[in-house]
Amino acid sequence: MDSRVITITSGKGGVGKTTTTANIGTALAMLGKKVAVVDGDIGLRNLDAVMGLENRIVYDLVDVVEGQCRLRQALIKDKRQPELYLLPAAQTRDKNAVNSVQMQQLCQQLRQEFDFVVIDSPAGIEQGFRNSIVGADEIIIVANPEMASVRDADRIIGLVEAAGKPEPRLILNRLRPEMVKRGDMMDVADVLEVLGIDLLGIVPEDENIIIAINKGEPIVYDRRTRAGRAYWSSAQRILGEEVPLEEVAEAPSLMERLRRLMGFGPALSERRVRS
Amino acid sequence: MDTEEPSARNEAEAPRKLERGERQSVQGTIAIKGTRNGLLLTLEPETPFGDVLHALSARLAEAPGFFRGASMAVDTSRRALQGSERTQLEALLAHYEVSVLPLEQVIAARREAQARLSAQQALPSPESSFQITGEQPRTTRSLEVSEGFNLYEDADTLFIRRTVRSGQAIHHSSNIVIFGDVNPGAEVVAGGDILVWGVLRGLVHAGYPDNQNAVICSLVLAPVQLRIAHLLSRPPEGYEVQPRPEVAAIRNGQIVVEAWVNGRPPRR
Numbered sequence: 191m192d193s194r195v196i197t198i199t200s201g202k203g204g205v206g207k208t209t210t211t212a213n214i215g216t217a218l219a220m221l222g223k224k225v226a227v228v229d230g231d232i233g234l235r236n237l238d239a240v241m242g243l244e245n246r247i248v249y250d251l252v253d254v255v256e257g258q259c260r261l262r263q264a265l266i267k268d269k270r271q272p273e274l275y276l277l278p279a280a281q282t283r284d285k286n287a288v289n290s291v292q293m294q295q296l297c298q299q300l301r302q303e304f305d306f307v308v309i310d311s312p313a314g315i316e317q318g319f320r321n322s323i324v325g326a327d328e329i330i331i332v333a334n335p336e337m338a339s340v341r342d343a344d345r346i347i348g349l350v351e352a353a354g355k356p357e358p359r360l361i362l363n364r365l366r367p368e369m370v371k372r373g374d375m376m377d378v379a380d381v382l383e384v385l386g387i388d389l390l391g392i393v394p395e396d397e398n399i400i401i402a403i404n405k406g407e408p409i410v411y412d413r414r415t416r417a418g419r420a421y422w423s424s425a426q427r428i429l430g431e432e433v434p435l436e437e438v439a440e441a442p443s444l445m446e447r448l449r450r451l452m453g454f455g456p457a458l459s460e461r462r463v464r465s
Numbered sequence: 374m375d376t377e378e379p380s381a382r383n384e385a386e387a388p389r390k391l392e393r394g395e396r397q398s399v400q401g402t403i404a405i406k407g408t409r410n411g412l413l414l415t416l417e418p419e420t421p422f423g424d425v426l427h428a429l430s431a432r433l434a435e436a437p438g439f440f441r442g443a444s445m446a447v448d449t450s451r452r453a454l455q456g457s458e459r460t461q462l463e464a465l466l467a468h469y470e471v472s473v474l475p476l477e478q479v480i481a482a483r484r485e486a487q488a489r490l491s492a493q494q495a496l497p498s499p500e501s502s503f504q505i506t507g508e509q510p511r512t513t514r515s516l517e518v519s520e521g522f523n524l525y526e527d528a529d530t531l532f533i534r535r536t537v538r539s540g541q542a543i544h545h546s547s548n549i550v551i552f553g554d555v556n557p558g559a560e561v562v563a564g565g566d567i568l569v570w571g572v573l574r575g576l577v578h579a580g581y582p583d584n585q586n587a588v589i590c591s592l593v594l595a596p597v598q599l600r601i602a603h604l605l606s607r608p609p610e611g612y613e614v615q616p617r618p619e620v621a622a623i624r625n626g627q628i629v630v631e632a633w634v635n636g637r638p639p640r641r
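Protein chains in written order, with my numbering: chain E, 191 to 465; chain F, 374 to 641.
Don't read these hints as lab results, they were simulated from the structure. Ideal placement from N, C-alpha and C gives every residue a C-beta, glycine not left out. Heads up, a few of these hints could be off.
[Unchecked claim] Some, not all, of what chain F presents toward chain E, calculated at C-beta under 7 Å:
1) Arg538
2) Gly540
3) Asn556
4) Gln598
[As the list claims (entries may be wrong)] Per label pair, the in silico range of CB-to-CB distance:
5) Leu429/E x Arg624/F: 15 to 25 Å
6) Arg414/E x Glu631/F: 35 to 45 Å
7) Ala338/E x Pro421/F: 13 to 23 Å
8) Gln263/E x Ala404/F: 28 to 38 Å
9) Ile401/E x Ala404/F: 50 to 60 Å
10) Gln627/F x Asn398/E: 50 to 60 Å
11) Gly257/E x Phe532/F: 24 to 34 Å
12) Arg459/F x Gly354/E: 25 to 35 Å
13) Ala353/E x Ala464/F: 25 to 35 Å
Please model the complete structure; the sequences and the hints are all you need to start from.
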């Protein structure tokens with residue numbers, strides 16, 4: 191089987207890795223793929239809650255790795271998608287409970303059962319992060335259009351390259367079009383100018399996401415929302431479909447851009463978004 | 374040559390895309406070789422010092438018996454060591470009872486070998502020294518620092534064909550040429566000049582530790598901080614990044630930035 195292991199990571203915390211993992215995983219399942227989403231954030235698990243599966247956990251990733259149970263026993267079937275499974279993280283352990291070799295083996299095992307394995311990476315660049323990328327074929331970086339997030343993303347891209355992985359793709363999350371229009375937020379071109387990687391999707395800031403998370407229901411189910419549509423089209427692009435990027439905001443004037451970009455340099459290139 | 378930005382970017386990008394993946398292995402951080410005068414430790418220019426130290430520590434721990442009582446020289450001809458780094462390195466070696474040989478012996482040995490090579494190479498005249506023409510692409514000679522400045526005569530310019538990203542450190546005792554950007558959080562330290570064919574947004578230190586003739590050039594100069602030799606400068610508050618190639622050099626005891634016209638080096 192030609193399965194793909196995709197890790198969602200960011201370096202910085204709070205940029206939307208877990209939400210992205212849940213939505214990409216769900217969307218891929220809705221698009222007819224057999225998908226496992228894996229919570230790599232051992233000790234700070236959240237993916238189960240975001241997917242509304244928290245109350246079904248019996249075994250977790252650490253149990254599988256330590257041989258306490260079989261992989262099948264730990265996999266939780268999604269409420270709505272018959273071909274979507276969650277492998278939850280342990281909450282009472284920490285990142286060092288698993289090593290890279292074990293993680294590699296786990297990925298191999300999952301590959302045999304699924305078309306897609308989507309791994310939610312913890313924040314940071316330590317063991318937990320390294321574990322989450324060791325078995326990955328592809329990496330997706332989630333970044334917000336703000337300086338701290340972009341710098342951390344840049345750091346992560348360097349580490350991903352150093353680990354011998356192919357160039358990651360970017361999901362730009364929590365973009366606020368009105369702010370970009372006013373020139374108060376970095377726009378897509380600014381971020382791409384620094385990171386220099388291909389764009390997989392742009393997800394606008396959307397209150398509906400918070401509502402969806404609280405309900406434990408990924409927002410891709412509701413494609414009337416902008417964020418829902420953005421995740422949906424990102425998943426389609428992962429499958430190789432040519433979907434045009436939604437135009438989220440017009441770019442600010444050059445003067446505005448120059449004024450606010452000290453430290454990041456002006457967006458000079460005509461680098462266009464590739465989908 | 375009034376460089377059009379978009380085309381300049383593309384040129385910068387082409388080699389980067391091409392050579393992507395060719396570089397970067399964290400494994401080859403250090404090399405220990407046996408020589409007539411003892412062991413020779415060579416450090417990679419492109420790894421953060423922490424990793425270098427870690428690798429060395431691991432190597433020493435593998436066979437403490439083998440290293441005990443050995444004498445070792447640290448070859449810094451490829452990588453510049455800062456004061457505190459040298460102290461840490463020596464402390465680590467001392468812990469394993471390795472005595473540190475003076476560097477000169479190593480350099481002398483290298484010089485000999487290099488002398489044979491350079492006998493065949495005529496140096497270009499100082500006037501043409503910094504021109505980046507199509508004639509002499511990628512040779513060390515075309516980037517040689519002018520006026521009998523021979524500290525780096527055996528200099529091997531380090532070429533980096535990718536973007537240097539946050540957290541990546543490049544230390545090299547000679548010139549560094551980067552086809553790509555230098556992003557915020559990256560650190561580039563060169564004994565000689567630094568040329569960035571891309572946007573410079575990180576921290577660069579040319580002429581480390583005391584080469585005041587060193588220059589820094591880039592297509593767009595938007596650094597966090599510039600350092601040349603012992604001097605340090607920050608862009609002034611409210612400074613607007615100029616969308617044109619610029620050169621930074623030491624003039625009258627301070628770092629001065631000016632437009633990089635016609636690819637000529639700045640007046641010294």
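Do the hints match the structure? See the list:
This hint holds: Arg538/F has a C-beta 4 Å from the nearest C-beta of chain E, less than the 7 Å allowed. With a cut of 7 Å, the hint placing Gly540/F at the interface with chain E holds, because the nearest CB-to-CB distance is about 4 Å. Evaluation of the Asn556/F hint against chain E yields a held restraint, the C-beta minimum of about 5 Å falling below 7 Å. Hint status for Gln598/F: violated, given a least beta-carbon distance of 11 Å to chain E, over 7 Å.
With their beta carbons about 57 Å apart, Leu429/E and Arg624/F fall outside the hinted range of 15 to 25 Å. With their beta carbons about 55 Å apart, Arg414/E and Glu631/F fall outside the hinted range of 35 to 45 Å. In this structure the hint that Ala338/E and Pro421/F lie 13 to 23 Å apart at CB holds, the actual value being about 20 Å. Between Gln263/E and Ala404/F the Cβ separation comes to about 48 Å, which falls outside the hinted range of 28 to 38 Å.
Checked against the hint of 50 to 60 Å, the C-beta distance between Ile401/E and Ala404/F comes to roughly 57 Å, which is consistent with it. Against the hinted window of 50 to 60 Å, the Cβ-Cβ separation of Gln627/F and Asn398/E comes to about 55 Å, which satisfies the hint. The beta-carbon spacing between Gly257/E and Phe532/F, approximately 49 Å, falls outside the hinted interval of 24 to 34 Å. Range check, Arg459/F to Gly354/E: about 31 Å between beta-carbon atoms, so the 25 to 35 Å window is met.
At about 30 Å, the CB distance of Ala353/E to Ala464/F agrees with the hint of 25 to 35 Å.
Consistency note: the structure conflicts with the earlier hints numbered 4, 5, 6, 8 and 11.
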